[in-house]
Amino acid sequence: MHLEPEQEESNEGMWAITYGDLMSYLMIFFLFLYAFAIQSQSSSVAKEQAQETLSEIQKAFGGEETQVVKKRREENESLEALKDTFVSSDTTRAVEIDSDERFLKLTLKDKIMFQPCEAMLNDDAKKVLHGFAIVAKEMPNDIIVEGHTDNMPPGRKCPFASNWILSMARAYSIIKYLGDDEGIDPSRMSGVGYGEYRPLVPNDSAENMSRNRRIQINIVRQQVF
Numbered sequence: 001m002h003l004e005p006e007q008e009e010s011n012e013g014m015w016a017i018t019y020g021d022l023m024s025y026l027m028i029f030f031l032f033l034y035a036f037a038i039q040s041q042s043s044s045v046a047k048e049q050a051q052e053t054l055s056e057i058q059k060a061f062g063g064e065e066t067q068v069v070k071k072r073r074e075e076n077e078s079l080e081a082l083k084d085t086f087v088s089s090d091t092t093r094a095v096e097i098d099s100d101e102r103f104l105k106l107t108l109k110d111k112i113m114f115q116p117c118e119a120m121l122n123d124d125a126k127k128v129l130h131g132f133a134i135v136a137k138e139m140p141n142d143i144i145v146e147g148h149t150d151n152m153p154p155g156r157k158c159p160f161a162s163n164w165i166l167s168m169a170r171a172y173s174i175i176k177y178l179g180d181d182e183g184i185d186p187s188r189m190s191g192v193g194y195g196e197y198r199p200l201v202p203n204d205s206a207e208n209m210s211r212n213r214r215i216q217i218n219i220v221r222q223q224v225f
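Numbering (this note's numbering), first residue to last: 1 to 225.
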C-alpha cells in the first residue's frame, strides 16, 4: 500500500504526540510522589501544602478541588469576611482577628465587652458579637469562647470570688447571647475561663494588664487529615 506524501508526514509526527503524552504522565507521577512525600510528614502545614498540590494537579486535568483544600479555602474566606466586618467599624481598635493551624481567632478587649468585675454584656459587645455571628452562622465549625483576666484579685465589692470564676461567667454570657439572640446552634459552642493563668504579656504595667483582660472567640478549624 502506497501512502500519499501528506499521510506520510502525518504518521511521522505521531511519535511527537506520544512522546509529549509520556512526558506529561511522568511529570504527573513525580508531582504525586512529591505531594505524598510532604503529606507523610507530621507537620499539618506540610500536609496542607501537599493537599493543595494534589488539588492543583486534579484541577489542571479537569477535576474538582479536594475536600481538604475546599474546607481551608472556605475557612479563609470566612476569616476575610470577619476582617471586612470590623475594618470600617468604630470598634476596630478593640478587636483583633488572627488565625493559626487550629483556629480562626477573634480577640476582644474586655472594656468593650463588660464593665469592671461584671459579666453582663455591654451594648457595644452585642454589636460586635452580632457582626461575628453573621459570619459564624454560615460555618459548620465548632466555637470555643475563652475568658481571660489580669492578675489583680477581685475587690470585696466584686460579686465574683476569683478571676477564674469571673472569666468563666463572661465566657458563658457570650455563649448564651450567641445561642439565644443570634441563633447559633448551642451544640457547636463551648466555653472556658482561664482567669489570670494564660496572660499574653507579663502583668507588670497598666497597658499589659489591659491586654491580658480579654475575650477570645475561637472558630475551630475542621480536622481534615
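What the hints contain is simulated information worked out from the structure, not anything from laboratory work.
Any given hint might turn out to be false.
As the list claims (entries may be wrong) - Derived DSS-like pairs: lysine-lysine, alpha-carbon spacing no greater than 27 Å straight-line: (1) K127 with K70; (2) K127 with K176; (3) K109 with K176; (4) K105 with K71; (5) K111 with K137; (6) K126 with K176; (7) K70 with K111; (8) K157 with K105; (9) K70 with K109; (10) K109 with K127; (11) K176 with K111; (12) K127 with K105; (13) K83 with K111; (14) K111 with K71; (15) K71 with K137; (16) K157 with K176; (17) K109 with K126.
The structure displayed is predicted, hence computed values, not measured ones.
Going through the hints against the structure:
no.	hint	verdict
1	K127 with K70	violated (30 Å)
2	K127 with K176	holds (15 Å)
3	K109 with K176	holds (19 Å)
4	K105 with K71	holds (17 Å)
5	K111 with K137	holds (25 Å)
6	K126 with K176	holds (12 Å)
7	K70 with K111	violated (37 Å)
8	K157 with K105	violated (33 Å)
9	K70 with K109	violated (32 Å)
10	K109 with K127	holds (14 Å)
11	K176 with K111	holds (19 Å)
12	K127 with K105	holds (18 Å)
13	K83 with K111	holds (20 Å)
14	K111 with K71	violated (34 Å)
15	K71 with K137	holds (16 Å)
16	K157 with K176	holds (25 Å)
17	K109 with K126	holds (13 Å)
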